[in-house]
Amino acid sequence: MVNITINGKVVRATEGEMLLDVIRREGINIPTLCQHDALEPAGNCRLCMVEITRTEWDGWKKYVTSCLYPVEEGLIVSTHTSELHEIRKTILDLLLANSPHSDVLQKMAEEYGLHKTSYEPNLEGDNCIMCYACTRICEVLGKSAISPVMRGHEKVIAPPFGEEPPDCIGCLACAHICPTNVITWTDENLTRTIWKKKFELIACEKCGKATISRDFAEYLIEKRGLPKEYFNTCDDCKRVELAQKMGALVDKAKEVAL
Amino acid sequence: MKFQFEVKPSLCTGCRTCELACAFSHTRDKKPGRSRIYPIAYAPDKFVPVACLQCDDAACVKSCMFGALKRNETTGAIDLDRERCVKCMACVAACPFGCALVDEGHDNEIVKCDLCGGDPACAHFCPTKALVYKKIG
Ligand code: SF4
Ligand code: SF4
Ligand code: FES
Numbered sequence: 672m673v674n675i676t677i678n679g680k681v682v683r684a685t686e687g688e689m690l691l692d693v694i695r696r697e698g699i700n701i702p703t704l705c706q707h708d709a710l711e712p713a714g715n716c717r718l719c720m721v722e723i724t725r726t727e728w729d730g731w732k733k734y735v736t737s738c739l740y741p742v743e744e745g746l747i748v749s750t751h752t753s754e755l756h757e758i759r760k761t762i763l764d765l766l767l768a769n770s771p772h773s774d775v776l777q778k779m780a781e782e783y784g785l786h787k788t789s790y791e792p793n794l795e796g797d798n799c800i801m802c803y804a805c806t807r808i809c810e811v812l813g814k815s816a817i818s819p820v821m822r823g824h825e826k827v828i829a830p831p832f833g834e835e836p837p838d839c840i841g842c843l844a845c846a847h848i849c850p851t852n853v854i855t856w857t858d859e860n861l862t863r864t865i866w867k868k869k870f871e872l873i874a875c876e877k878c879g880k881a882t883i884s885r886d887f888a889e890y891l892i893e894k895r896g897l898p899k900e901y902f903n904t905c906d907d908c909k910r911v912e913l914a915q916k917m918g919a920l921v922d923k924a925k926e927v928a929l
Numbered sequence: 032m033k034f035q036f037e038v039k040p041s042l043c044t045g046c047r048t049c050e051l052a053c054a055f056s057h058t059r060d061k062k063p064g065r066s067r068i069y070p071i072a073y074a075p076d077k078f079v080p081v082a083c084l085q086c087d088d089a090a091c092v093k094s095c096m097f098g099a100l101k102r103n104e105t106t107g108a109i110d111l112d113r114e115r116c117v118k119c120m121a122c123v124a125a126c127p128f129g130c131a132l133v134d135e136g137h138d139n140e141i142v143k144c145d146l147c148g149g150d151p152a153c154a155h156f157c158p159t160k161a162l163v164y165k166k167i168g
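One line per chain: the protein sequences are B and G, in this order. Here the first sequence stands for residues 672 to 929, where the numbers follow my numbering. Here the second sequence stands for residues 32 to 168, where the numbers follow my numbering.
I should point out that these hints are in silico values taken from the structure, not numbers from a laboratory. All C-beta atoms, glycine included, are put in the ideal place defined by N, C-alpha and C. One or more hints might be untrue.
[Unchecked claim] Stretch-level coverage of chain G by chain B, calculated; a stretch enters the list once three of its residues show a Cβ under 8 Å from a Cβ in chain B:
(1) 84-95
(2) 108-115
(3) 128-140
[What the hints assert, rightly or not] Here are the computed lysine-lysine pairs in the DSS-like style, where the Cα-Cα straight-line distance is at most 25 Å:
(4) B:Lys923 <-> G:Lys165
(5) B:Lys869 <-> G:Lys118
(6) G:Lys93 <-> G:Lys39
(7) B:Lys826 <-> B:Lys814
(8) G:Lys160 <-> B:Lys923
(9) B:Lys880 <-> G:Lys93
(10) B:Lys916 <-> G:Lys165
(11) B:Lys867 <-> G:Lys118
(12) B:Lys880 <-> G:Lys118
(13) G:Lys101 <-> B:Lys894
(14) B:Lys916 <-> G:Lys160
(15) G:Lys77 <-> B:Lys877
(16) G:Lys118 <-> B:Lys778
(17) G:Lys77 <-> B:Lys923
(18) G:Lys77 <-> G:Lys165
Just chain G, with the same shape it has in the complex (with noise of 0.2 Å):
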């Protein structure tokens, strides 16, 4: 089954939910994490939510010479492995979109959308539905 962000910019307030909705379901060692979502304005009072595309043939992947951003294929999304991850910002260099970011709350780690392992809480707490996780096709 595939499921894909359906985004209505109409109808976000800018009510940055997602944001915190983002940084609760990423807490580690009782921090939240840095969201990966952000409602960003694109003129005055009109907001969207921003967050990775999870691109086909994505710069962060390519970027990567240690291997670290990998597709994972049940969920779709393109997780980062931190294990791997050496810190040498490259993928937050090469996002053409800047969806991956530093965490600055736990030690500088990158990060990006997982798609919450393939149910975003993003989508689950938008209030007015400007961003539904919809399954397509």
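Okay, chain B solo, but in the shape it has when bound (with noise of 0.2 Å):
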């Protein structure tokens, strides 16, 4: 355990943890875009910066991405200066000048009193703010199916080719881990089409509601060793076999007992 000190409170912490782990775990709230505790820390927003120093250092101080910066005994740091609210409300600007429709960048930029880029906005900003949330979801899955590409000056998130990525399984982590909100998908009866590949959703066998793609299913079966009638009923129709399995033990111990 190592002590460190935030916003001039003495807090414990565990050496090599993150400082943003930390800070949150204080109850702090400070913005973040690129973070996600299902992901390892990437710091490609910046939004998570902090500013740091030691006694040692003399009022000398820094600034570091809170959610790549390991704890160490002694540090000092403060999340709410007047300098960081001007760091966080210019890359605000920055993201907002390449995505303006974002509701999400939108909403943020408000609350540091911004109601529209300083900057030149790219009108044809399509709100991917390259944080690579859904490239390194899709790795964690063990797919990575989709990476960024060059696309004429611009770096854009594309399966290979720009054609149907042969190894997504239309599982959706990608979508809902972006935090703009840029990956779309419609799931229209039993088909679902993410990255303009159709996938067929499971349908349940007593009910017919649609569950996770078939892809999804196989994939999860082989890689975990689950049985594969789990996936052949919806959970609501799952939820009525097991009160009907319960009431048939309850029966029979009645007939036991009579």
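Each of the two chains sits in its own frame; use the hints to bring them together as a complex.
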């Protein structure tokens, strides 16, 4: 355990733990976009910037991305100075310039008194902030179906060659994790479409309700050794099955008692 | 100390008090959560409360590729870490008892029984004692 100071308060933390986690545990709110607990920290959005110093630094201080900064004994941290306010505002201003239509960014910028970007807005911006949360989560899944690619002068996230991603299994993790909701998908009856690829959704064999994509289920069955039958019915019907099984046990017990 | 639910279907009237207790004890942002427990009719007028069995070799834990489901060693419950969940619905599809659920009132978050941190509200409020949380061993 180490002792660090956050906004004047001494806080205990585990050595090597990321500063952002300690800050959050203290109930202090700082904005972030690219951080997610299922991902290794990447330091891509830079919003989680805080100020650090140490007594022996003699008043010298520096700014670090807290999501990537492992804590060490004696660290003195400030999370809400006027300089930090300006830094975060500038970052949001730049992000907004690139994605002026993003409601998520607009809302965050508002909190810093920024009603619109002070830069030239890129009206064709697609709201992607290049935080790579999508490609990183697909990697955690073990698929790495999508990656950043160069298209003209711009980097975009896309499947290889811009075609249907052969390794995608339609789990939607990338779409759900995207902080600016750029990745779209549709579920129509039993067909899911994401990255222009179509997937069959498993229909509950009892009631027909759509569950997860067949490719995803097959991946879980293979990777995690789950029985195939678990995926045949939806959660609602499985609860009823459980009730019936429990009921059957009760009735049997009664017969025995009689 | 180990605890376990004791369920007596013969006493369950299907009154849904457990369901209400669960929803209210999982209130967030002033909205009750989706109940994690349901009294279900297994025959006409015969009910049994159904909730997560906190399985030893749990399918939900295995199905989560993102490490969001873990056993809580203090309560014995399998807890879902909302900050790690990416809502892929693998656990909802994998649980053989249908006890990982989608909470539509809270942005389609995934929820499951967490034993209320060790003191289940459902059992407290069951008026007929069809559901009791009991010390075992
Ligand atoms: S939907 Fe496809 S691309 Fe997105 S995380 Fe899942 S497998 Fe990867
Ligand atoms: S929905 Fe969440 S908890 Fe369930 S398997 Fe997916 S990431 Fe894990
Ligand atoms: S949260 Fe730290 S850089 Fe994005």
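Quick rundown of the hints versus the structure:
As drawn, the segment 84-95 of chain G meets chain B at 3 residues by the rule of a beta-carbon pair under 8 Å; at three or more, the given contact holds. Chain B is given as covering the segment 108-115 of chain G, and this holds because 3 residues of the stretch bring a CB closer than 8 Å to a CB of that chain, at least three being needed. With 5 residues having a beta carbon nearer than 8 Å to a beta carbon of chain B, the segment 128-140 of chain G meets the requirement of three or more and the stated coverage holds. The straight-line distance between the Cα atoms of Lys923 (chain B) and Lys165 (chain G) is roughly 24 Å, inside the 25 Å bound, and the hint therefore holds.
The suggested pairing of Lys869 (chain B) with Lys118 (chain G) holds, with an alpha-carbon distance near 19 Å, which does not exceed 25 Å. As the CA atoms of Lys93 (chain G) and Lys39 (chain G) are separated by approximately 30 Å, the hinted pair breaks the 25 Å bound. Between Lys826 (chain B) and Lys814 (chain B) the CA atoms are separated by roughly 21 Å; this keeps the pair inside 25 Å, and the hint holds. Taking the CA atoms of Lys160 (chain G) and Lys923 (chain B), the gap is near 21 Å; set against the 25 Å cutoff, the hint holds.
A hinted pair counts as satisfied when its Cα atoms are at most 25 Å apart, and Lys880 (chain B) with Lys93 (chain G) qualifies at roughly 23 Å. Our distance criterion of 25 Å between C-alpha atoms is met by Lys916 (chain B) and Lys165 (chain G), whose separation comes to about 22 Å. Of the supplied pair hints, the one linking Lys867 (chain B) and Lys118 (chain G) holds, its CA atoms being roughly 21 Å apart against a limit of 25 Å. Of the pairs offered as hints, the one joining Lys880 (chain B) and Lys118 (chain G) holds, with about 18 Å between alpha carbons and a cut-off of 25 Å not exceeded.
A hinted pair counts as satisfied when its Cα atoms are at most 25 Å apart, and Lys101 (chain G) with Lys894 (chain B) qualifies at roughly 18 Å. Of the pairs offered as hints, the one joining Lys916 (chain B) and Lys160 (chain G) holds, with about 21 Å between alpha carbons and a cut-off of 25 Å not exceeded. Pair hint Lys77 (chain G) plus Lys877 (chain B) holds up; C-alpha atoms about 21 Å apart against a cutoff of 25 Å. A threshold of 25 Å between alpha carbons decides the hint, and for Lys118 (chain G) with Lys778 (chain B) the separation of about 23 Å falls inside it, so the pair holds.
The suggested pairing of Lys77 (chain G) with Lys923 (chain B) holds, with an alpha-carbon distance near 14 Å, which does not exceed 25 Å. For the hint linking Lys77 (chain G) to Lys165 (chain G), the alpha-carbon distance of about 23 Å falls within 25 Å, and the restraint holds.
Against the hints set out earlier in the document, a violation occurs for number 6 only.
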